[in-house]
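Trainee: Chains as they are written, first to last, in the numbering used here: chain D, -12 to 351; chain Y, -12 to 351; chain G, -12 to 351; chain E, -12 to 351.
Fair warning: there could be bad hints in the mix.
Since the list gives no way to pick one copy over another, a pair counts as held whenever it fits inside one copy or between any two copies.
[What the hints assert, rightly or not] List of simulated lysine-lysine pairs, DSS-like, C-alpha gap at most 30 Å:
1) Lys16 x Lys66
2) Lys259 x Lys16
3) Lys66 x Lys255
4) Lys255 x Lys105
5) Lys94 x Lys(-2)
6) Lys105 x Lys(-2)
7) Lys94 x Lys255
8) Lys259 x Lys105
9) Lys255 x Lys(-2)
No lab work stands behind these hints: they were computed from the structure.
There are 4 protein chains.
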Amino acid sequence: MVVKVSVSPNKRCADQEDVCHNRWHPDIKPAVEISPDDEIVLETLDALDGQIRNTPDTSDIANIDAGPVHPLTGPIYVKGAEPGDLLVVRILDAGPLGSFGYTFVTKGFGFLRDVFDKPYKVRWELGRHYASSPDIPGVRIPAAPFPGVIGVAPSREQVREWRSREAGIASKGGLVLLPDPRGAVPSREPIASEGLRTLPPRENGGNLDVRNLAPGSEILFPVFVRGALLSVGDMHYAQGDGEVSVTAIEMGGVIRLSVSLIKDGARKYGLKRPLYRPSPLAEAYKDYICIAGLNLDSAEDATSAARDGLLNMIEFLERMGYDRYQAYILFSVAGFLRLSQVVDVPTYTVSACIPREVFTRISI
Amino acid sequence: MVVKVSVSPNKRCADQEDVCHNRWHPDIKPAVEISPDDEIVLETLDALDGQIRNTPDTSDIANIDAGPVHPLTGPIYVKGAEPGDLLVVRILDAGPLGSFGYTFVTKGFGFLRDVFDKPYKVRWELGRHYASSPDIPGVRIPAAPFPGVIGVAPSREQVREWRSREAGIASKGGLVLLPDPRGAVPSREPIASEGLRTLPPRENGGNLDVRNLAPGSEILFPVFVRGALLSVGDMHYAQGDGEVSVTAIEMGGVIRLSVSLIKDGARKYGLKRPLYRPSPLAEAYKDYICIAGLNLDSAEDATSAARDGLLNMIEFLERMGYDRYQAYILFSVAGFLRLSQVVDVPTYTVSACIPREVFTRISI
Amino acid sequence: MVVKVSVSPNKRCADQEDVCHNRWHPDIKPAVEISPDDEIVLETLDALDGQIRNTPDTSDIANIDAGPVHPLTGPIYVKGAEPGDLLVVRILDAGPLGSFGYTFVTKGFGFLRDVFDKPYKVRWELGRHYASSPDIPGVRIPAAPFPGVIGVAPSREQVREWRSREAGIASKGGLVLLPDPRGAVPSREPIASEGLRTLPPRENGGNLDVRNLAPGSEILFPVFVRGALLSVGDMHYAQGDGEVSVTAIEMGGVIRLSVSLIKDGARKYGLKRPLYRPSPLAEAYKDYICIAGLNLDSAEDATSAARDGLLNMIEFLERMGYDRYQAYILFSVAGFLRLSQVVDVPTYTVSACIPREVFTRISI
Amino acid sequence: MVVKVSVSPNKRCADQEDVCHNRWHPDIKPAVEISPDDEIVLETLDALDGQIRNTPDTSDIANIDAGPVHPLTGPIYVKGAEPGDLLVVRILDAGPLGSFGYTFVTKGFGFLRDVFDKPYKVRWELGRHYASSPDIPGVRIPAAPFPGVIGVAPSREQVREWRSREAGIASKGGLVLLPDPRGAVPSREPIASEGLRTLPPRENGGNLDVRNLAPGSEILFPVFVRGALLSVGDMHYAQGDGEVSVTAIEMGGVIRLSVSLIKDGARKYGLKRPLYRPSPLAEAYKDYICIAGLNLDSAEDATSAARDGLLNMIEFLERMGYDRYQAYILFSVAGFLRLSQVVDVPTYTVSACIPREVFTRISI
């Protein structure tokens, strides 16, 4: 059977609470109930819940409200799923709702937020197999759509533990979005105040932002609550490794899934993290330029090595004629970041690569 | 013209100083002089300079002398190369000298050195296109040979600056191998005491350990001294991203290169790190199992997320029947580590993947 | 500039002669005029001009009228194009109009028309990245859309010569569709009676049915008349090598192109056939099962060897649980046919391959 | 267990009859006996049994003796194999014996033997991952070694039937090499006079010349006699589809195999031809130039369409600066021939492609 869950793309998540939510909590009511081997077609709102307009003006980006971030479609109650099982999700197909996509840079977020702090927007025209943009002429980005957020509900105990874990990180100065009822969907208590924010990924999956989860991929989640309560959102037309500007090619989307259960699988395989088989679509590139990033001033620090590779690649793209915000965004939607080595103390090598196929005019 | 530089595989680097060295210093005498567009065939000693035996016994690993690490063949003086130029190196071919390769774990080194601290050795039989091992039955590793170390000489000023930079890291508790005349080749002063150790990669390349530098690849190095003084060693039959156990499939090797110059290119392109185009050989895998690694207890830390992905993958491979040292080594020679996202504060996603093609018996 | 040419998908080609034709003739009036480097978006009708219905009933297939076959959108007049030039066409994007596609077997056509002579229909639901069908459960076909027919207008002299060439073949018993005004668009004379049928490909391209012309590909056509007069139609969602059942996954489509000219290029490069660079999309498969077809009863005959490989593959798929018409159609939309050797007299080897990725349930 | 069968590369097949033969016959004595799951390492002589010298002089080619063609190593008796079983052969590794390879054109053979009738020789230097040649500067061919000939012994009845079948083809004017004791190994009767020549492939495999049988591939053969009697030879460093000049990059080789049995599998699966899973190595190319070959003067003839594509590609390569014999040979070692369509009566499309990666100097 094919079960469909639609959203109204012109309404906010808050106005369609029966199918949409933006916090993780086990008490959110299922939008739909399915059986293993049913197929499900889900429509999803874009990651910013409609805040970004298809205009060059960046005032929308300067004034983003983080409260409604990550409207998720669901939860989906899977009959027979119980804690300790593995939920197998197959991504059968995915694509945009409409033809508008966007990528942006906003103050306070992003891997290089100390360097890139101005609001900046790139609008994409989402074609069938390629996206192009009036804001970065001369490039085209092949479609490899996937859900940035896909995950199952945490148990009540996990909600408490994870909140406490994250509060601990925040107390040491980490940048953390803690539970906050402002903008929460559902807005009813105690979910609004208790529900975990969707920004970080966790043991239940969530905002994994793994570009390889495009159609043809398969993911295994440990089940924590009866019915598993799968939710999906934040669909990306395409994304680079790292999603460095904090956004991919963001879009409202449609995704087709099937699910099955491995009873008692989480215990049997000892699986504590989502496990996946990548999509063939996400690896369509063939020819790359890479720069070897190095953490030259610190010891054994992959974050710094990645930063070094990315900064040097952006500088290289600037020499090729792109402005630095374009370069940063181009990497965010199409770059690759690989940990080439993490053992040659004190310096790691992180390769920052850009596929040559994205350029339609210049030859780099 | 084809220029060949041979080494005696049964002699130590110290006994063939005319073609071999193991420190970075601009005053090491060139082994050979070539012109752009000559081809060069270099033989190289293995990374441990012959300390590892083709026997199951691990006393050799327990007693490694780090002094002679990374015997390099060269330096090669490239006619016409001057500071500010870019040296383009094309890897035309590469392979083992002989059929013995090894991978090991040793106390005090490796990405998981707090967890894996016993000496452990895997011997490889290096075939034409696949390596196999009596120590990890049921796997085979496709050949994608490359130089772990490839770089140009630093200037005298850089030798001073980089030594000082690394001493600073050591003084803050970083694990750093500082200049040390013990085991140095050449042994003459002041090179032995001043020469930079080969372990970390630097602006001149060196121990980049980028698996993608297999035949068919191309690398651009900024030139720092007259003649460029290219050196090559530490050849690997195959390596995973990360080289997590601190060794790949190590071997004595043969490599065929050609070089050309882009005059004044480093200045023109502003290149401060090696830039490369990957080899087609290094990407032969098609089908992977991945685990999403997450830094759940720290803020914005790619190192911890990579560690989490790797530990979970090792645990998964244990469930599949490998012992944990085998699993660690298997990842070290064939795994993938990709920074899926580095923006979803406070938690990053690092995907740790193992290609299914390496397994000949079980199906994972 | 982006120029768009739309068709009415619910009207026949004959009812929209200003943008649609189904014969090759230099006197057909251009639908639109463009400049090199304009982009063009074309909508196209399906290959059978609306004769096939989205129902299981096969009476439509039993009663196909071949007259209107291959409605083409165009011709497109390219400013500045003159005989002797090369017209470079880049396929920027492509996809279906709507979500219905079909594949069929019909009496009197197809590579195995002596064996498969009953009307048979498979309806496809065309998803964003995969097509599936109620008529062949357990398979899914990745999207790699392309125009089956793409070509430039022949000169008047070529129309005469090629008609005469084909009449010669018919006179020796070859199966040839000769000019025929029945169903011709435009219906005005002398075009209707003189215009070449679209079934065979010719020096001007036309019904090349090359699956590799999906988005990302590039084709060079010799120009024969002023303005080149490019026409496009017969779009396929996906096709196997050979298109053995005489149909691919047929659909009405949308295609985005850009063109440029190499002045005097046909003469300069001596190009007498279309030359192309394949799309990356068309090669997404990674894992195949192949059977070595052999012409065991004839001398040096690739046609027989291909037939032998195909028949054996169909028999193999029957053992795997498909009925033979399903198997034939599956190969028609996803198979591979490679001439492994054409020299080992008297017997050639043609490999008939089916990619394993199309099967979602069984493992072959 | 690993079983090794060596040959003396400096001796002719006739001088080492215990391990070498060049006819198909069930009564040839096994060179060795193995059990399923043993590994076997076989050395093989080159296809011409040492007749071709590593010199530019072509008198050797002008005077080829076809009698000793295809020295095969074996037969290998597989314990437990019986008629009706399937023999599964896994190609674990393969490579050259030594570093000399050759490709040639000789009068009377080859796909274009009416056009190319002069003796012509290309010598190859076989590197670890690429071959290059003084006779075609500016190209390099990636290693994808495989056995041109691999097969099992026919039964006595099949020897009779197939001889009769081929005599029938010869009697209609087909070019066929019929049984001939001249040069036969073993030379004893009745094998020498009855034994089938190795040139054509047959139901038992043999000279399949399928480039995709490189390391990593797997082949299933129907077993016709007790012990299966597997033989292997004619190793190629690399080959194009078609092997159009009648030779690939020919070499003496080493190949590592393992075998297993599917009892009664030939009957169960109805398999009448060798079935295989291609090697990942054989598809390393990524970027191609193709020409659409068309049989414009005949009806439904894949041979003519392939010939048309090949002739046009050779002409194109001539414009790029290669002489036509070089172009013919380049295609023979690296080209692709795909049956794009075999239904658009009366004209087929065969795509003749050359991968751009083989060119190191010019850009086509």
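Trainee: Against the earlier hints, flag every one the structure doesn't satisfy and list their numbers going up.
Mentor: As far as the earlier hints go, 7, 9 are violated by this structure, in ascending order.
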